[in-house]
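Asker: The lines below spell out each chain.
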Amino acid sequence: MTIKPPDAFSPGETPTFEASAKTSLADSQLRRNLGKATQTIRRKRAAVVEEMPDWEELREAGRALKERTLRHLDAYLLQLEESVTKAGGVVHWARDADEANRIISGIVREKGANEVVKVKSIATDETKLNEHLESEGIHAFETDLAELIIQLAGETSSHILVPAIHKNRAEIRELFLRELDVEELSDEPKDLANAARLYLRKKFLNAKVGISGANFAVAETGTVAVVESEGNGRMCTTLPPVLVTLMGVEKIVPAWRDFEVFMQLLPRSSTAERMNPYTSFWTGVSEGDGPEEFHLVLLDNGRTDVLADEIGRQTLNCIRCSACLNVCPVYERTGGHAYNSVYPGPIGAILTPQLVGIGKPGSDSLPYASSLCGACYQVCPVKINIPEVLIHLRGRVVRHKQDRGGLRERLDPENAAMRAMAKAFSDPELYENAQRLARVGQWPLVRGGKIGSLPGRLAGWTKVRDLKPVPKQSFREWWKEERG
Amino acid sequence: MRVALFITCFNDTLFPETGRATVGVLERLGHEVEFPMEQTCCGQMHFNTGYQREAIPLVRRFVEVFEPYDAVVAPSGSCVGMVRDLYPMAADLAEDADLARRVADLAPRVFELSEFLVKKTGVTDVGAYYPHRVTYHPTCHSLRMLKVGDAPLELLRNVRGMELVELGEAEQCCGFGGTFAVKNAETSAAMLGDKIRRVLDTESEVCTAGDNSCLMHIGGGLRRLQAGINTVHLAEILASTEER
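Protein chains in written order, with the numbering used here: chain A, 1 to 484; chain B, 1001 to 1244.
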């Protein structure tokens, strides 16, 4: 088993975004791979969205549906439990990751299986299910092509939809040659996919238990849906005699007809396709068709805390399309690993700190991993105002430090500077004094009519930029002189 | 129209020429311009960095200073975005219903300069003359928070003597982002690098925008390269005439 780097959902401290970003920014191969991939998908998405005359209405419908569902989440979840049970499935409730993992490994052990096949489920990455199963002697095989790639490489996902986006074909070829027991292989996508197919086919046919995530679950009918592009997901949910699905409680939709909206929004936003290649629906169990046993594990793991936050709760609208990652200028330069979470990019920057709770330096740094350019909000198919939530969470991080951080946090230079500036801005006279002071105070830094290096925390600014000195006369001094 | 100027603390202190240009353009168009001396800062830097309790008194001050005016004009899409988009959130945080009501009343009367000229008063030709090759960078807050659309470009297209060159990937963020440029200096620099490459591609003499903060960042990078391209605020181009 590979030791994976800790992330925000592991116990212990994770590095800050700033620290991790430095590594990826220096990786020119990664920067090229990411730039190429995100630019391509960005262009394609824009084109397929452009051809929809009612895109804005669809977005609004998606948002409204999600918000209505979240307002009555308790009732819809109970309805889902009833529908799934009626259709012959078993529903389990998990408060946190540990509980979810224990439920799932319990089911696998009961079947006497020591191998399971999985189709990509970010929720199981969040709970660290694979590691948990491994600790009980059960090996989980990822069957989504990209998930398989990163599992074989011993890495973690760097994108919620394209987990191996940071790798190119040549890198994947090398990995398959090393790990898949093949002798000759080109770096053509067709050949790479075929090598994976041969390897996975054996796993599908032998597995007693399949584990999946869920894109949606319908309260009214008890139907669970997985949306994917390869068909491996369908193999996973139909071939093994036992199927276990782990889903976050927010993945629920009230009625079957709600798919009309989401099946238009999701493929265009995620893979820039008009229609999704493989959409699998299953409702409990049906004799002679698919698994003989179905378990649905409903995961909270911090989600009801998010729901309790008036501004933050819109985060739960997310349908995991990843459109926000593909347009984010920060994600494009740093890649997903810099976020130290299974949820990278703009959505991760707001989801992770809320799920794990404010007050941990690693995840507290995530709401700051944004220039607040707003491109994410513009493309979000369910209208999550990500910049608004980022700003709200920054406020929560600072208030948490100020109120509970102790002396060290109160003496923090940023805190002191922000307070001093707020004080200066509180009164025009103090403000004018501060302006004069800045003019006088800058003189040791000015060289040849510019400031080429700043001290302390501001040094990063002058690493690549020159600063113009504060001019001799402020606007208000001019106004007073001319008009006063 | 009786217009109050909100010059913003950033322009007031570091870019007073932008404030003077804003006065010039508005007066040339016949507006009666006032500068309420009691103004300081909109509080955006504090609010966006998380120091939101500290920003609330600044929000109150802004509302008190500007609420008597029919229209408030600022040469900054970013600060106007703060007022229009985030003041309601600040009022909620302060749990002050009266402030929320006053914010809702004032915010629609606060305009970014190009927005005021094109959308509010219907002017697209301000009689400017600027004989240079210029490229325009739409700043994120003007573009996405305020949705000023083509207003700045419409104004620029009517500037005599000017050659307007399209900027590639124009809508990509320059990487400034306020304290982002300090807290995530390396990422910000990587974004700036790509923006500068696009600006260099235009072979312009001048890069303009509606926000001095983004221009300070882009200009600082261009100066470091000694690229020979100046950054000039939109207001200064609009204020230029053949006489001066």
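Hints were generated in silico from the structure; no laboratory data involved. Heads up, a few of these hints could be off.
From the structure, some residues in chain B lie toward chain A, with a derived Cβ separation under 7 Å [said to hold, decoys possible]:
(1) F1035
(2) P1036
(3) C1041
(4) P1057
(5) A1190
(6) R1197
Calculated lysine-lysine pairs in the BS3-like style (CA-CA distance at most 25 Å, straight line) [to be verified]:
(7) K1147/B x K383/A
(8) K423/A x K1183/B
(9) K1183/B x K22/A
(10) K1183/B x K468/A
Partial list, computed: chain B residues near chain A (C-beta under 7 Å) [stated by the list, open to error]:
(11) P1016
(12) A1189
(13) G1221
Fair warning: this is a prediction, and the values are worked out from it, not measured in the lab. Backbone N, C-alpha and C define an ideal beta-carbon position, used for all residues, glycine too.
Asker: If you draw a straight line from the CA of K1183/B to the CA of K468/A, is it 25 Å or shorter?
Answerer: Measuring from Cα to Cα gives roughly 20 Å; hence the hint holds.
Asker: Going straight from one Cα to the other, do K1183/B and K22/A come out at no more than 25 Å?
Answerer: Given that 25 Å is the threshold and the Cα spacing comes to 12 Å, the pair holds.
Asker: Going straight from one Cα to the other, do K1147/B and K383/A come out at no more than 25 Å?
Answerer: Given pair K1147/B, K383/A holds - Cα atoms ~16 Å apart, limit 25 Å.
Asker: Closer than 7 Å between Cβ atoms is the bar; does P1016/B clear it against chain A? Give me holds or violated.
Answerer: At about 4 Å, which falls below the 7 Å cut-off, the nearest Cβ of chain A leaves the hint on P1016/B intact, so it holds.
Asker: With a cut-off of 7 Å on the beta carbons, see whether R1197/B makes it to chain A.
Answerer: Nearest chain A Cβ about 12 Å off; hint violated.
Asker: Would the hint on P1057/B be counted as holding, given a Cβ-Cβ threshold of 7 Å to chain A?
Answerer: holds, 6 Å
Asker: Quick one, is the A1190/B hint okay against chain A at 7 Å, beta carbons?
Answerer: The hint holds - A1190/B has a Cβ within 7 Å of chain A, the shortest such distance being about 4 Å.
Asker: Per the CB criterion, is A1189/B less than 7 Å away from chain A?
Answerer: holds, 4 Å
Asker: Given a cut of 7 Å on the nearest C-beta pair, is the interface hint for F1035/B held or broken against chain A?
Answerer: holds, 5 Å
Asker: Has the given pair, K423/A with K1183/B, been kept, meaning a C-alpha gap of at most 25 Å?
Answerer: holds, 22 Å
Asker: With 7 Å as the cut and Cβ atoms as the points, is P1036/B at the interface with chain A?
Answerer: With a closest approach of 10 Å, the P1036/B hint is violated.
Asker: Is the interface hint for C1041/B satisfied, with its Cβ closer than 7 Å to some Cβ of chain A?
Answerer: Where the cut-off is 7 Å and the nearest Cβ of chain A is about 4 Å from C1041/B, the hint holds.
Of the numbered hints given earlier, the model fails hints 2, 6; all others are met.
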